[in-house]
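Undergrad: The listed protein sequences correspond, in order, to chains V, Z and F.
Mapped onto this note's numbering, the consecutive letters of the first sequence carry residue numbers 1 to 294.
Mapped onto this note's numbering, the consecutive letters of the second sequence carry residue numbers 295 to 548.
Mapped onto this note's numbering, the consecutive letters of the third sequence carry residue numbers 549 to 875.
Just so you know, the hints here were simulated from the structure itself, not pulled from any lab data.
Check before you lean on any hint, since a few could be wrong.
[Stated by the list, open to error] Below 20 Å or equal to it, Euclidean Cα-Cα: the simulated SDA-like pairs (lysine to any residue) are:
| id | chain 1 | residue 1 | chain 2 | residue 2 |
| --- | --- | --- | --- | --- |
| 1 | V | Lys288 | F | Leu726 |
| 2 | V | Lys118 | F | Ile833 |
| 3 | V | Lys84 | F | Ile858 |
| 4 | V | Lys88 | F | Leu726 |
| 5 | F | Lys847 | Z | Thr442 |
| 6 | Z | Lys463 | F | Tyr672 |
| 7 | F | Lys784 | V | Trp97 |
| 8 | Z | Lys365 | F | Tyr790 |
| 9 | F | Lys852 | Z | Thr442 |
| 10 | V | Lys288 | Z | Gly308 |
| 11 | V | Lys118 | F | Tyr829 |
| 12 | Z | Lys385 | F | Val722 |
| 13 | V | Lys118 | F | Tyr826 |
| 14 | Z | Lys368 | F | Glu742 |
| 15 | F | Lys784 | V | Arg91 |
| 16 | V | Lys281 | F | Tyr672 |
| 17 | F | Lys784 | V | Lys36 |
| 18 | Z | Lys364 | F | Tyr754 |
| 19 | Z | Lys413 | F | Val722 |
| 20 | V | Lys288 | Z | Asn445 |
| 21 | Z | Lys416 | F | Thr868 |
| 22 | Z | Lys416 | F | Tyr754 |
| 23 | F | Lys784 | V | Lys281 |
| 24 | Z | Lys368 | F | Val722 |
| 25 | Z | Lys402 | F | Tyr754 |
| 26 | Z | Lys364 | F | Lys804 |
| 27 | Z | Lys402 | F | Ile833 |
| 28 | Z | Lys385 | F | Lys784 |
| 29 | F | Lys847 | V | Lys281 |
| 30 | V | Lys281 | F | Arg667 |
| 31 | V | Lys281 | F | Val722 |
| 32 | F | Lys847 | V | Ile185 |
| 33 | Z | Lys416 | Z | Thr442 |
| 34 | V | Lys36 | F | Glu742 |
| 35 | Z | Lys364 | F | Tyr829 |
| 36 | V | Lys88 | F | Val722 |
Only a predicted model underlies this, so the values are computations on that prediction, with no experimental measurement involved.
As a plain string of letters, each chain reads:
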Amino acid sequence: MDGILNFLQQLINGLHIGSIYALIALGYTMVYGIVKLINFAHGDIMMMGAYFAFIGLTMIGMPLWLAIIFSMILCAIAGVIIEKIAYKPLRSAPRIWALISAIGVSFFLENLFLLIFKPDPKPFPPMNIKPIRIAGLQISGITIITLLLSFAIMIGLDIFIKSTRTGKAMRAASEDQGAASLMGISVNKTISITFAIGSALGALGGILFAVAYPQIDPYMGVMPGLKAFVAAVLGGIGIIPGAMLGGFLLGIAESLTKGYLSTRWADAVVFGILIVVLLVKPSGILGKNTSEKV
Amino acid sequence: MSLLEINNLSVNFGGIKPVKNFDLTVNDNELVGLIGPNGAGKTTVFNLLTGVYIPTEGSIEIDGENIVGKKPYKIVEHGITRTFQNIRLFKSMTVIDNVKTACHHHMKYSAMDGILRSKKYKDIEIAVEKEAYRLLEIFDMEDLANETSNNLPYGMQRKLEIARALAGKPKLLLLDEPAAGMNPNETLELMETIKMINEKLNVAILLIEHDMSLVMGICQRIVVIDYGKVIARGTPKEIQSNKKVIGAYLGAGA
Amino acid sequence: MIKKFKKSSEATQAAIVFVATFIILFAGIQLGLISSYQTGIIISVLINISLAVSLSLVTGYLGELALGHAGFMAIGAYTAGLITLNINLSPMIAFPFALLIGGLITGLMGIIIGIPALRLRGDYLGIITLGFGEIIRIILNNLTITGGPKGLSGIPKYTNFIWAYWVTTIIVIVIFLLMNSRHGRAINAIRENEIAAESVGIPVAYYKTFAFAVSAFFAGISGGLYAHYLTQLYPKKFDFLYSIEILVIVVLGGMKSLKGTIIAAIILGFASEYLRRYAEYRMIIYSMLLIAIILLKTKGITLKSIKEMILKTLKKNKETSTIEGSE
Chain V
1 MDGILNFLQQ LINGLHIGSI YALIALGYTM VYGIVKLINF AHGDIMMMGA YFAFIGLTMI
61 GMPLWLAIIF SMILCAIAGV IIEKIAYKPL RSAPRIWALI SAIGVSFFLE NLFLLIFKPD
121 PKPFPPMNIK PIRIAGLQIS GITIITLLLS FAIMIGLDIF IKSTRTGKAM RAASEDQGAA
181 SLMGISVNKT ISITFAIGSA LGALGGILFA VAYPQIDPYM GVMPGLKAFV AAVLGGIGII
241 PGAMLGGFLL GIAESLTKGY LSTRWADAVV FGILIVVLLV KPSGILGKNT SEKV
Chain Z
295 MSLLEINNLS VNFGGIKPVK NFDLTVNDNE LVGLIGPNGA GKTTVFNLLT GVYIPTEGSI
355 EIDGENIVGK KPYKIVEHGI TRTFQNIRLF KSMTVIDNVK TACHHHMKYS AMDGILRSKK
415 YKDIEIAVEK EAYRLLEIFD MEDLANETSN NLPYGMQRKL EIARALAGKP KLLLLDEPAA
475 GMNPNETLEL METIKMINEK LNVAILLIEH DMSLVMGICQ RIVVIDYGKV IARGTPKEIQ
535 SNKKVIGAYL GAGA
Chain F
549 MIKKFKKSSE ATQAAIVFVA TFIILFAGIQ LGLISSYQTG IIISVLINIS LAVSLSLVTG
609 YLGELALGHA GFMAIGAYTA GLITLNINLS PMIAFPFALL IGGLITGLMG IIIGIPALRL
669 RGDYLGIITL GFGEIIRIIL NNLTITGGPK GLSGIPKYTN FIWAYWVTTI IVIVIFLLMN
729 SRHGRAINAI RENEIAAESV GIPVAYYKTF AFAVSAFFAG ISGGLYAHYL TQLYPKKFDF
789 LYSIEILVIV VLGGMKSLKG TIIAAIILGF ASEYLRRYAE YRMIIYSMLL IAIILLKTKG
849 ITLKSIKEMI LKTLKKNKET STIEGSE
C-alpha cells in the first residue's frame, strides 16, 4: 500500500512540474510552428515572468492574481518586441543566423537581469495555501492551483486556436506563410500574436515555477527552458497537443527518476530522452515526417 | 544491354503513388524526352533515379547494375548527374568553383595530399582547372569564371548548372526543365547546346521539358507520363498525333 | 618594397607576415618592451585564435551551429595535462606528444559525437552539441582521474610565446590549405546547398563528420596549449558560456574568413583585457554584438564590405588629391 501511495505521490509531483513544462513548451512549439525557429530565449522569458511577478508582488504590493496578469502582459509585449528586433529581419536569412541571434537575445536577457538584480537568488513571496489530504496522499494547494490553471489555459488555447479567426490565421500561417498571406492574413500580425501568447504562457510557467520553488535568479530559466524544449520535441515540435503531452510525460519521467533514482540523474534522464527522440523519431510522438521538396 | 533500364518503378508516399509501374529505357548516346502535364510525376522519376527517393517497387539498372537503394553521391559514380527544376547552384561560390566542385569524385587525392600540397594534389588540381575551363568554354562562359555565380543572369545560371552536371563525367545527364524561364532565342541556343553535348561529348540525355518546340526539335524519342504512369511512347511525330497525349494535356473530352 | 610584397604570391605574403610578426613580438618580449603580463595576454589571444579558427570550420565553412566547442577544448586540455603529469620525458618531446594525443582523442570524440548528431538539422544540432558539451563538463566534474570539481593542477607550464605562436600559426595554415583543396570545396558546397552537393558526388554525411572531427582535433590541441599555460584546469571553466565567447569571435570575424577571425580574436582579446573594469558589462555587450552583427549581415554590411568601402574612399581621395596636386 505504501509503495502504491509513494508512486501516486510521485505521479502527482510529476503532473505538477509537468504542467509547468507544458505551459513553457507551448510557447516553444507555437513559435516553432509558425516561424520554424527554436526561440532560444524562451526560457529567459520564463525567468522574466517570474521577476515581473516578483516586482509586482514585493515592490508594488499587488495580489497574486494581479501580479500574474501584470507579468503576462509585460512578457507578451517583450516577446513581440524581441521578435520585431531580433527575428523578423532574419526571416529569409540562413537558419544559422536566426539561431545565433536567438542565442544573443537569450544571453542579453540573462545578463541584463544579472546586472539589474544581481546574481543572488531572491526569495519569492510564499503562498499560504493549505494542502489537501485524500486517502493518505498529500496534495499541496499550490499543486492543485497549478494543475487547474494549466488545464484551464490549455483548454482555452485549444478553443482559441480552433474557433477564433486569429487562431485559424495562426494555423494557416504555420502551414504555409505564402498561401496565408495571399488569403488576406497579415502574417506579421499573426506572428506577433503568436509570440505574445507564447511569451505570456512562458511567463505564467515561470510564475508557477517560482511559486513551487520560491527562489528566483537570472539563470533560473535555463534548465526549465531546456527541459520544456525537450518536452516540446518529445510531443512533436510545432504541434500544440504535443507540447502538452510532452510536458506531462517529461514531468512524470523526471519526478519518477527523482523519486526512485536520484536528483542528480534527473537532468541526465531528461537529456537522454532528447537524444533518443532526436535520433529515433525527430518529429516526436505526435509528429509527422515532412521533407524538403527537391 | 541498355545504359539505363527502369522496370516497374513505383513509389508510395503514405498512400499517394506519384509514380506507378514506370518503365523506361535509355541507350548510350540517346536523347530522350520525358513529358507530361504538371504533377504527372516527372521530377519524382528523376528523384528516384538519383537516389533522393527510394522506390517501393521496381528496379533501376545502369549498365546492368541495380542502383536502387544507393545514396545520391554514389549514383554519380555510376554515371548519372542532373540539373534541378529550381536552380541549385552554390550561390556564393564562383562560376569555376561550382564546376570544380562537381569534379570532386574523380579527384582522388586525400586531405593529407591537400595539406602537404603534394605532387598528386598539384597535378590533379591543374588538370581539373583545365577541364573546368574547357567546360565553361563550351558554354561561352570562360570569361565569367571568377564571377560569383549568384550574380549571373538567370539564363547563364541555368547553363552553369548544366556545365556543373557535365563536370561529373556522366554517361547519362538528367535535365529538369532546362529551358524554364528562357526566351525563344535562349531556348534555341539551349537546343543547340544540348544537341552538341549529346553528339560531341557522347552523353546520353533524358530531359524533362514543357517547351514543346525544344522537345520535338531535338529528342529522338519521347516518353509521356500522366498520373505517374506511362501513357505513350514514340518518336516526336508519333507523340504529336497521339490522342491520349493530347487528352492528357488538354483534359478529357478535348 | 611594398610593391614587391604586393606582387609576390599569396603564400609568400602570408609567410612574410607570419615570420615578421613573430620576430617583432619575440624581440619585444626578449628586450623587455613587452611585459610578461602583456605576453600573457598575447598567449591567451593566440589560444583564442586557434579555438575560433577551429570552430569556424564547422560553424562558418560548413554552416552548422555547434555549441559544445568548449567541451572539445576540455577533452584536449585534460588529456594533454594528464599525459605530461604522468610521463617523465623532456618537454621538447613530452609537450608536442601530449598536444597531439590530446588532439587525436578529441578528434575521435568528434567522430563519435558527430556521426549521430550531424544527421540532425540546424536547431537540433545546436541543442545536441550544447548538450554534449555539458555532458563532457559534468563527466569531467565527476571523474576522480580528472580531479573532479577541484580539477587538475600542477601541469607544467610548457606553453610559452614561441609554442603558442607557432602551434596557432600551423593550425591556421593547415585549415587554410584544407579549405583550398577539393575537401574544402566539398565543405563549402554542403553549406551552400546540401542537396546539390550530394547530387554532384559529394558524400555529405562523411564530410560533415570530417569537418566536425578536424574542428574537434584542433580544439583539443588548443585545449592542450591552454592547460600548459594556466597549469590548472577546472571543469567549470569549460561551460556553455565559453563556447559562446568563441562563437562571438567567429561571428565577428565574418564566419568564414580566417583573416577576419584572427582580427576579431585580437580585437576582442585586447578589448576585454584593457576594458576589465567594465567586465560586468562584457557579456551584455557580447550578446548585443552578436545580434547586431547578424542584423547588419542581412543588410550586406560585414567587416569585409566595410573594409572595401574604406579602401574605395581612400582610393577616391588619392585620385582627387593627385588631380589637385597636378594643377
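Undergrad: Hey, F:Lys784 versus V:Lys281, does the alpha-carbon distance stay inside 20 Å?
TA: Violated, because 33 Å separates the two Cα atoms, which is more than 20 Å.
Undergrad: With a cut-off of 20 Å on the C-alpha distance, tell me whether V:Lys288 and Z:Asn445 pass.
TA: It is violated: about 38 Å lies between the C-alpha atoms, which goes past 20 Å.
Undergrad: Taking 20 Å as the top limit, are the C-alpha atoms of Z:Lys402 and F:Tyr754 close enough?
TA: holds (15 Å)
Undergrad: Checking one constraint from the list: CA of V:Lys288 to CA of F:Leu726, max 20 Å. Satisfied?
TA: violated (39 Å)
Undergrad: With a cut-off of 20 Å on the C-alpha distance, tell me whether Z:Lys368 and F:Glu742 pass.
TA: Between Z:Lys368 and F:Glu742 the Cα gap is close to 15 Å, so the pair holds against 20 Å.
Undergrad: Could you grab the alpha-carbon distance between F:Lys784 and V:Lys36 and see if it respects the 20 Å cut-off?
TA: With Cα atoms ~33 Å apart, F:Lys784 and V:Lys36 exceed 20 Å; violated.
Undergrad: If you draw a straight line from the CA of V:Lys36 to the CA of F:Glu742, is it 20 Å or shorter?
TA: holds (19 Å)
Undergrad: Given the hinted pair Z:Lys416 and F:Thr868, is their Cα-Cα distance within 20 Å?
TA: violated (45 Å)
Undergrad: Would you check the hint for F:Lys847 and V:Lys281, treating anything up to 20 Å between C-alpha atoms as holding?
TA: violated (37 Å)
Undergrad: Take a quick look at whether Z:Lys385 and F:Val722 sit within 20 Å of each other, Cα to Cα.
TA: violated (26 Å)
Undergrad: Holds or violated: Z:Lys402 and F:Ile833, Cα atoms, limit 20 Å.
TA: It is violated: about 47 Å lies between the C-alpha atoms, which goes past 20 Å.
Undergrad: Is it true that the CA of F:Lys847 sits at most 20 Å from the CA of V:Ile185?
TA: Violated. F:Lys847 to V:Ile185 sits at ~27 Å, over the 20 Å cutoff.
The earlier numbered hints that this structure contradicts are 1, 3, 4, 6, 7, 8, 12, 15, 17, 20, 21, 22, 23, 24, 26, 27, 28, 29, 31, 32, 33, 35, 36.
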